[in-house]
Amino acid sequence: MNVNGITSTQAAYDYTSSVNTKEKQASTNTSVPNTEEAGAVYEPSKEQQTDSAKKIYTPDTNLINKLKADAEARTAQLRSLVEQMLLKQGTAYGQANDIWQFLRSGNYTVDPATKAQAQADIAEDGYWGVNQTSDRIIQFATALTGGDPDKIEEMRAAFQKGYDSAEKKWGGSLPEISQRTYDAVMEKFDQLAAEAGISSTEA
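The sequence shown begins at 1 in UniProt numbering and counts up by one.
I should point out that these hints are in silico values taken from the structure, not numbers from a laboratory. Among these hints, one or two may not hold up.
Here are the simulated DSS-like cross-link-like pairs (lysine-lysine), alpha carbons at most 25 Å apart as the crow flies [said to hold, decoys possible]:
| # | residue 1 | residue 2 |
| --- | --- | --- |
| 1 | Lys151 | Lys68 |
| 2 | Lys188 | Lys66 |
| 3 | Lys168 | Lys55 |
| 4 | Lys188 | Lys68 |
| 5 | Lys151 | Lys161 |
| 6 | Lys161 | Lys188 |
| 7 | Lys115 | Lys188 |
| 8 | Lys151 | Lys66 |
| 9 | Lys55 | Lys151 |
| 10 | Lys55 | Lys188 |
| 11 | Lys169 | Lys115 |
| 12 | Lys169 | Lys68 |
| 13 | Lys151 | Lys115 |
| 14 | Lys66 | Lys168 |
Cβ-Cβ distance ranges computed for the label pairs, FRET-style [stated by the list, open to error]:
| # | residue 1 | residue 2 | range |
| --- | --- | --- | --- |
| 15 | Thr109 | Lys161 | 33 to 41 Å |
| 16 | Pro149 | Tyr108 | 40 to 48 Å |
| 17 | Lys55 | Trp100 | 17 to 25 Å |
| 18 | Asp183 | Arg104 | 14 to 22 Å |
| 19 | Asp183 | Pro149 | 17 to 25 Å |
| 20 | Trp170 | Ile56 | 34 to 42 Å |
| 21 | Ala113 | Ala196 | 42 to 50 Å |
Positions of the beta carbon are idealized from the N, C-alpha and C atoms, including for glycine.
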């Protein structure tokens, strides 16, 4: 074997090796996107995450209807008791406001059955008691807003308006049980606001 053969073989090997190395580099460069291209790929994904993170609050119509139906049934029951009591006493009355004015006057007697039912209803845990009544008011407010914390103070204001209206119809300050219910509702609105990280408007 002569020197020229060895030299030419070595040169051929060096050339082939150089070509292979360049091809590998080119392949690597095409498979890895640059930083700008990679950034462009992930932008839409971030936007999708932002959109999906937004919570939509909708009224709970099923719960609203259930609460309304329950309240209407119980109110009808209470009205029936009052009407029966008045009829037994031979008292004449016309509009609903006359009933409340009559009750406020205290100029009546209550039969044992009506008294027992009334006492059960207004007991601490009775349907018209402080606990259940205040719970229903909060449940109703939450159902109307779909649980939106931004609506808490709006619902508080609506409750205050309703309470003021009830006092006008009653003709003065409502009975103690109603005042205690008012305090309980306001306290529960405060709790909702605190849980949502909202400063209460109540002092």
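Original post:
Does the structure keep Lys151 and Lys68 at a Cα separation of 25 Å or less?
Top reply: holds (20 Å)
Original post:
Between Lys151 and Lys66, does the CA-CA distance stay at or below 25 Å?
Top reply: With Cα atoms ~21 Å apart, Lys151 and Lys66 stay inside 25 Å; holds.
Subject >> Supplied distance hint 14 to 22 Å, evaluated on CB atoms of Asp183 and Arg104 >> reply: At 21 Å between Cβs, range holds.
Original post:
Given a hinted range of 34 to 42 Å, is it respected by the beta-carbon distance of Trp170 and Ile56?
Top reply: holds (40 Å)
**OP:** Confirm or reject the claim that Thr109 and Lys161 have a C-beta distance inside 33 to 41 Å.
**Re:** holds (35 Å)
**OP:** Would you check the hint for Lys55 and Lys151, treating anything up to 25 Å between C-alpha atoms as holding?
**Re:** holds (14 Å)
Original post:
Quick one, are Lys66 and Lys168 close enough, alpha carbons at most 25 Å?
Top reply: violated (28 Å)
Original post:
Per the hint of 17 to 25 Å, is the separation of the Cβ atoms of Lys55 and Trp100 within bounds?
Top reply: violated (42 Å)
Subject >> Pair hint outcome, Lys115 versus Lys188 [Cα-Cα no greater than 25 Å] >> reply: Violated - the C-alpha atoms of Lys188 and Lys115 are around 30 Å apart, more than 25 Å.
Original post:
Within 25 Å, alpha carbon to alpha carbon, are Lys169 and Lys115?
Top reply: Holds: Lys169 and Lys115 sit about 23 Å apart, inside 25 Å.
Subject >> Given pair status - Lys68, Lys169, alpha carbons within 25 Å >> reply: holds (21 Å)
**OP:** State, for the Cβ atoms of Ala113 and Ala196, whether the hinted interval 42 to 50 Å holds or is violated.
**Re:** Since the Cβ atoms of Ala113 and Ala196 sit about 45 Å apart, the hinted range of 42 to 50 Å holds.
In the structure shown, a violation is registered for the earlier hints numbered 3, 7, 13, 14 and 17, in ascending order.
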